[in-house]
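K.L.:
Each protein sequence line maps, in turn, to chains S and R.
According to this note's numbering, the residues represented by the first sequence are 261 to 538, in order.
According to this note's numbering, the residues represented by the second sequence are 26 to 315, in order.
Bear in mind the hints are in silico, worked out from the structure with no lab data behind them.
Predicted model only: the values in this text are computed from it and were never measured.
Glycine included, C-beta positions come from ideal geometry on N, C-alpha and C.
Careful, some of the hints might be misleading.
Ranges of calculated distance between the beta carbons of each label pair, as one might list FRET restraints [to be verified]: (1) Ala143/R / Pro345/S: 24 to 34 Å; (2) Glu305/S / His105/R: 53 to 63 Å; (3) Leu371/S / Gly62/R: 50 to 60 Å; (4) Leu374/S / Lys146/R: 33 to 43 Å; (5) Gly478/S / Ser30/R: 53 to 63 Å; (6) Ser346/S / Glu266/R: 53 to 63 Å; (7) Phe488/S / Gly62/R: 43 to 53 Å; (8) Glu135/R / Asp535/S: 27 to 37 Å; (9) Thr537/S / Lys82/R: 22 to 32 Å.
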Amino acid sequence: MTQRILTLSRYFLRSLLFSLAGLIYILIGFAYWLVMFPPDQHTPEASYYILVLAAFGAGLTFLATLTIASRANQAGHAAWIVRLPSRVEYLTAVLLSSILFATTLQLLLALLALFRGPDLSFSQVLFIPPIWLALNTLTAVLALHATDFVAAGWSRVYLFGLIALFLFGQSLNDKNSLNTWIILRINDLSRSLAGAGWIVVVTPLNNLARWLQQDGPGALGNFFSLPFWPFHAIANAVIGGSFDTSQALAPAVLLLYATLLIMLAADIFANKDLDLTE
Amino acid sequence: MIEISNVTKRYYTLTALNSVSFQVPQGEVLGLLGPNGAGKTTLFKLIAGILTPTAGKIRPSGDIWPKIGYKPERLLFPNHLRVNEYLQQVAHLSNIPASQSKRVVQESLERVNLQNAANKKIKECSKGMRQRLAMAQILIGDPPLLLLDEPSNGLDPTGQAEIHECIQALHETGKTIIMSTHHLQEVTEVCTHLVILNHGQVHYDNNMEKAMAAQSHIRIRVNRPLEEFGHSLAALHDGVEVAGDVVYLKGEAMEMRRQVLVMLLESDFDVLRVEHKRISLSEIYAEAVQ
Numbered sequence: 261m262t263q264r265i266l267t268l269s270r271y272f273l274r275s276l277l278f279s280l281a282g283l284i285y286i287l288i289g290f291a292y293w294l295v296m297f298p299p300d301q302h303t304p305e306a307s308y309y310i311l312v313l314a315a316f317g318a319g320l321t322f323l324a325t326l327t328i329a330s331r332a333n334q335a336g337h338a339a340w341i342v343r344l345p346s347r348v349e350y351l352t353a354v355l356l357s358s359i360l361f362a363t364t365l366q367l368l369l370a371l372l373a374l375f376r377g378p379d380l381s382f383s384q385v386l387f388i389p390p391i392w393l394a395l396n397t398l399t400a401v402l403a404l405h406a407t408d409f410v411a412a413g414w415s416r417v418y419l420f421g422l423i424a425l426f427l428f429g430q431s432l433n434d435k436n437s438l439n440t441w442i443i444l445r446i447n448d449l450s451r452s453l454a455g456a457g458w459i460v461v462v463t464p465l466n467n468l469a470r471w472l473q474q475d476g477p478g479a480l481g482n483f484f485s486l487p488f489w490p491f492h493a494i495a496n497a498v499i500g501g502s503f504d505t506s507q508a509l510a511p512a513v514l515l516l517y518a519t520l521l522i523m524l525a526a527d528i529f530a531n532k533d534l535d536l537t538e
Numbered sequence: 026m027i028e029i030s031n032v033t034k035r036y037y038t039l040t041a042l043n044s045v046s047f048q049v050p051q052g053e054v055l056g057l058l059g060p061n062g063a064g065k066t067t068l069f070k071l072i073a074g075i076l077t078p079t080a081g082k083i084r085p086s087g088d089i090w091p092k093i094g095y096k097p098e099r100l101l102f103p104n105h106l107r108v109n110e111y112l113q114q115v116a117h118l119s120n121i122p123a124s125q126s127k128r129v130v131q132e133s134l135e136r137v138n139l140q141n142a143a144n145k146k147i148k149e150c151s152k153g154m155r156q157r158l159a160m161a162q163i164l165i166g167d168p169p170l171l172l173l174d175e176p177s178n179g180l181d182p183t184g185q186a187e188i189h190e191c192i193q194a195l196h197e198t199g200k201t202i203i204m205s206t207h208h209l210q211e212v213t214e215v216c217t218h219l220v221i222l223n224h225g226q227v228h229y230d231n232n233m234e235k236a237m238a239a240q241s242h243i244r245i246r247v248n249r250p251l252e253e254f255g256h257s258l259a260a261l262h263d264g265v266e267v268a269g270d271v272v273y274l275k276g277e278a279m280e281m282r283r284q285v286l287v288m289l290l291e292s293d294f295d296v297l298r299v300e301h302k303r304i305s306l307s308e309i310y311a312e313a314v315q
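Using the sequences plus the hints, can you model the full thing?
P.N.:
See the structure below:
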C-alpha cells in the first residue's frame, strides 16, 4: 500500500512541478515573499512571520489540492485506479502530494523570510510545525471536498453551506442589525398569526423573539463560534508568544477536524461513480 | 469467475443498463456485442469498479480484485510521460518490485510489438501505438481478469491480427477476458462466449459453439402444405417446426433428417429442396438487436 501511495504521490508531485500551474504557484510564492517580507526591510515580529506564512501555506495547499485533484480526475488514470485495492489509496496520494508541494514551498519561503527576518526563539520554532501542518492538512481536505474529484451529489453544498452557516452565525450578537431585523419579522409574523387565531404558534414565536432580544444572540454567537476556537486560540497564542495548556490543544483539534473530513471524503470517494474527465 | 446479477445502472432518468445478468466462467473470452449506446462501456466501468450499480451485484469469485487489467474505450493516457515511464508506473501500482519492473515492462512491450517505442513520449504515439500501449499495460502484473473495451479499434489489419494473437495467447494461459467490439469477425476468431446487449438489456447469451450450432438448421421444402401431417412431424421433437410447405429441423432435431425425409416420402410428399442453412454471426446479431 505504501509503495502504491508513494508512487502515485511522486507522480502527482512531478506532474504539478513540471506544469504551468506549478510554475505559477512558485512565482506566486516569490511574489508573496517580496510583498509580505520585503528583503530591504526588517521583519519585526515573530508572530507576523508565523501567521503570515501559515496563511500562505493554507492558501497554497488549497490551490495545489484543487489542481492535483483535477489532474487526478482525468480519464487517463482509469487503468491505474482499477489496479488499486482501494480507491482511498488514490485519494491519499492526492492529499499527500498536495500537502508536500505546499509545505515544501512554504518552508522555502520561511527560509527566505528569515533573511533580515525575526529572531525566532527555540520555543517559537517548536510550535511552528504543528500549526502549519494542521492548517495545511485541514485546507487540503476542505479543497478536496470542493472538487468534482471527491464531491458527489450535493455533498459540497452541504459541507460548505454548514461552514458558511457557522461563519455567519458567529457574527450574531445583540447589537447586530440583522438580529433586530429578525426580531421585527418574528413580531410581525406573530401579530399576523394572532389575528388569524393561531394562538398555539404565537406564544412560542413571542418567546423566541424575547429570547433573541435578551441573551439569545450571545448564546447563538457562542455556539456558532465554538468550532472556530482553534483558529482564535492559535492566533492568540502566537501573538502572545506562548501557548497555555488549552491553546496547545488547538492544532490537535484542527487535525481532528481534518481527520473527520478525510474520513468523510474517503467514504464519499470510495462509493461514488467516478466521473473522470476526458 | 464473475457473476453479474440483475445489474441496473441509471444516470438520473436515463437507464443505461436494465437488470443485466450473465456469468463469465473462468478462462472464457466473452465477446460483448451491441450497437452504440447499448450499455457496453457502462458495463465495463461497472465491472472495473469505476461506476457503482444502481441495483444488482457484480460478484467476482475468489480474490480477483484488484487484479484487473482494464483497457478503456477511449485511449487516454498522461501524455507527458514516456511509454516506459507509464508502464513502470503501472508496474509499481501492481506491487511488482522495483528490481523486476524493468523486465516486466520490457516483456509487455515485446508482447504487443512496441519495444521500439519504449522511450517515446505518449503524446507522440500514433493511435495504433496507443492501442498497443493500452494492451501492454493490461499485461503488467499478470491480472487474471482482463477488460478490453474495443481492443483493436483504430488498428490496421496487421495490428488487429497481432492483438487477436495476443488475446488468444492470453486465453491459453487461462485468463478470463471480457471484450467488446463492433467487429463480428473478431468475435468469431477469439471469443468463446457471446453476449449481445441492446437498450441496456441482454438480448443474447450463449457459448459460441452452441450459438453457432443452435442457429444452424435444415430446411426441407415439399410440394404442398403439410397441414395435419405437419402436427405429427412437430410432435417428433421440439426442434422440428413446420410452416406451410416447409419443415425446419433445428439443433438436435437435425439428426432426425433421414427419419423426417422418409416420413414425408412415405406420405406422398415430393421433396423439392433440402438445405442445410448456417446462420452467420451477423444474422444472430441482427436478430438480437432488432
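K.L.:
Going back to the hint list, which numbers does this structure go against?
P.N.:
Failing hint: just 2.
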